[in-house]
Amino acid sequence: MSDSTRFAVAVSGVSKVFNLGKPNEVHALTDIDLSIDEGSFVSLIGPSGCGKSTLLRLIAALTHPTHGDVRVNDKSADRARLNRDYGMAFQTSGLFKWRTITENIELPLQLMGWSKSERKQRAAEMLDLVKLSEFGDHYPRELSGGMRQRVAIARALSFRPSLLLMDEPFGALDEMTREHMQTELLDIWEKTGKTVVFVTHSIPEAVFLSQRVIVMSPRPGRIASDISVDLGHRVFETREAPLFFEKVTEVREALRFEEASA
Amino acid sequence: MRLEKKRRITRWLIVLALFALVAASCSSDDGGSEDLTPVKLQLQWFTQAQFAGYFAAVDQGFYEDVGLDVEILEGGVDIVPATVLDSGAADFAISWVPRGLVPREEGLNITNIAQVFQRSATLQVSFADSGIGGVGDLAGRTVGNWGFGNEFELLAGLRSAGLDPASDVELVQQQFDMLALISGDIDAAQAMIYNEYAQVLETVNPDTGELYQPSDLSIIDWNDVGTAMLQDAIWADADKLESDDAYRETAVKFVEASIRGWAFCRDEFDKCAEIVLAAGPTLGESHQRWQLNEINNLIWPSPQGAGTMDTALWDQTVTIATSEGILNAAPTDGAYVSDIVAEALANLTADGVDVTGSDWSPKTIELNAGGE
Amino acid sequence: MIIKALRGFAPALAFGIGGLLLWELALLIIQPEGFVLPAPSAILIAFFDDFQVILTASKNTGFIVVTGLVGGVALGVVWALLVSRFRIANETLTPLAISLNAIPIIALAPIFNAWYGLLSPVSNQAIVVILVFFPVFINTTKGLTEVDATEIELMRSYAASSWQITKTVRIPNAMPFFFTALKIASSLAVIGAIVAEYFGGRQDALGPLIVQNAGLTRYTEAWAAVLAGSIMGILLYLVSGAFERVSMPWRTATETAGA
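Line order of the protein sequences matches chains A, B and C.
In short: position in the first sequence from 1, add 15, done, that's this note's numbering.
In short: position in the second sequence from 1, add 91, done, that's this note's numbering.
In short: position in the third sequence from 1, add 14, done, that's this note's numbering.
In case anyone wonders, no lab produced these hints; they're calculated from the structure.
Check the hints yourself; a few may be wrong.
As the list claims (entries may be wrong) - Going by beta-carbon spacing under 8 Å, a handful of chain C positions derived as facing chain B:
hint : residue
1    : L107
2    : R170
3    : P222
4    : Q226
5    : L230
Every residue gets a Cβ at the ideal spot worked out from N, C-alpha and C, and that includes glycine.
Please take these sequences and the hints and turn them into a complete structure.
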């Protein structure tokens, strides 16, 4: 392993137990080793209870491992959080209903002490990026679910973090909007070169978006398979390519671990 | 089966018959009280020596002797005797004259059938060292009063001294106690000579360690100022007096027995005081004895017979009421009637009862701390 | 815009006027013996006849109402901020608030009169403050603490400090709750001030005016004073509503636009 390949995310020997020692003890994750290259797009997929969201939160330093180490950009995950190295998007857009779209995008910048003019400029840029420039003065309630998620992504990227962590951001959207958003996200990814860790329930989504699909199994959560997806530059037609279906099948098979174990 | 049913019905019939028998015998047990007319009297305030005559009349059987079964209803802050009387919830009510005239003007047809208290008992009390000697000295001072129709003598008194109640004094809503005066919150407090005034004299003066003395206090008596208004009187339902002969008869009997009760309280002071105490007043023995003495002083002597209207004082009361804007106009005829009390007095005199009390003189009552 | 606003008021206005007419007619037809409920026309006449007296009384009572309301709101908000931020505060201040709220005014009023003096406005203001602070406290606390978990996680991902979270998330989140409480509190303030006045103090205020007229069976005049109190309550409610609209512009925005 060469030092020159700095990993965006390096998870080593991590396990996470909730309520340790109490009757409702839960082994969310066991023995997780995962290294993610800079600029790559990685998905975490698995059934409920496999710990994929927990793993994402460990990377975000929103929770801490019981054993093991999480390093982001070659620092501790906590330090990375304090340095605002990552932006995060959730299943619910988490937009503040009392702020306009522009003000929502400005939120992290405001917290980081940016000047008013700097914030305004960056917000305008980001709105442009997600193609919602006319909605700057609207309130979240006036936007559809899909639009709100675009704003959430714009907000996550507004302070140019190198890492983007996403927890089923398109889960609440309908299929058509979902596919549209996937294309948009890939677009942004290609433009900005960020590292993306993407948690999802949807096999086609994982395959379409990522170069690497990490399949996780539950009870206790661990990594079952690490499948590389080499579909090159993704376009709309990619979803209809034979290789796409092959990969989808591969992932689906990898998810059938209940039967795989004896 | 049919026999069973028959037996059951018979059993039920027997039970019913027994029940009817018991019910019948129960009602016939009231044989004695069937002869007495039930009467309800609404007092203007809480039970105290102010109403001793009525309690004595109940206790000594005076009402019973004339065929009345009188129930006394205690008054209170929110109880308006005029409305209780008019609604029929009471047959007679004790009320001050202005507090009877205002509702009468509002449409309650009630009338004054016996003016029991001949004089006003309201005082404005201040500490002797406050410099308040007369009404004029109240200028610029905080003057407490109870409102609710108790303040008219004060307002008229202020005006008679050339003061404007709205701007020349600071009128303060006073609680029905003397705490505000004693604590210094107000300069002059409203007090009844038979009640709140005594409350001060029952309080320990922190400077001397002894009870406050009359010499510590300075009083303004509205009788002297000339703006006194008539107070406790017996009121009846005027419509009923007109239409119901039995009610009128009851009224005469009621007034008669009540005056007899008041005469008893004049002549048998100690016994009367005990009757009041037995009725359960809030304040204690020495306070009730003081009060009884002062009440007697308001009723006796009554040269024309207790309960007779003093027309001069009535006119004064009406004049003040109209000039103060309490009444929009002088009361119409029938605000008070003299015939009922005249009849009652005639009956009493014929029976040898002293209804003028010309020989009576006030006692000296010693007060104890807290009125006990 | 004015026409639009008026149209919004139209149903309420029609209902109100209709109700009053019905009341007036009912009394004309039934002509009950009791005058406890006088006709609206009689009340209005008494209102304008006694206008100067009622106006002075309203000013005096109104002063207590407004100052007490402001004080109670401030106390409630500060209390809520402390309780939502510090667990210790929650464990001590919340039970204290509940106990204070449980004490009946009737018990407190004479005590405050004794403490602060019969004539001091503080004794009445204190009653209003106690009545007002509780709904404000409870509702604001709820608004400060019942925040979307996602929003909190988001703030933590920004490494936001506790105070930043309070300022940018909890306080704006609490505003609808706060304004609900404010509307409730404004009517309570009027009631509290008037009831406190029953227990002694100045006589040129609405409380004594109502009670004394009622005690003299002058019900029309009593209702006229009650009317003044109601107007005061309504005005405060409207002002609260105006504050609310100004502070929360996002509420009036129209729902979901395009895709």
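Identify whether the interface hint at P222 (chain C) stands, where standing means a beta carbon of chain B within less than 8 Å of its own. The hint holds - P222 (chain C) has a Cβ within 8 Å of chain B, the shortest such distance being about 5 Å.
Should the interface hint for R170 (chain C) be scored as holding, given a Cβ-Cβ cut-off of 8 Å against chain B? Nearest chain B Cβ about 57 Å off; hint violated.
Grab the minimum C-beta distance from L230 (chain C) to chain B and call the hint holds if it beats 8 Å, violated otherwise. Holds: closest Cβ of chain B sits about 5 Å from L230 (chain C), inside 8 Å.
How about L107 (chain C): closest beta carbon in chain B under 8 Å, or not? 33 Å, violated
Please check whether Q226 (chain C) passes as an interface residue: C-beta within 8 Å of a C-beta belonging to chain B. It holds, given that the least Cβ distance between Q226 (chain C) and chain B is near 5 Å, below 8 Å.
When held up to the earlier numbered hints, the structure conflicts with 1, 2 and fits the remainder.
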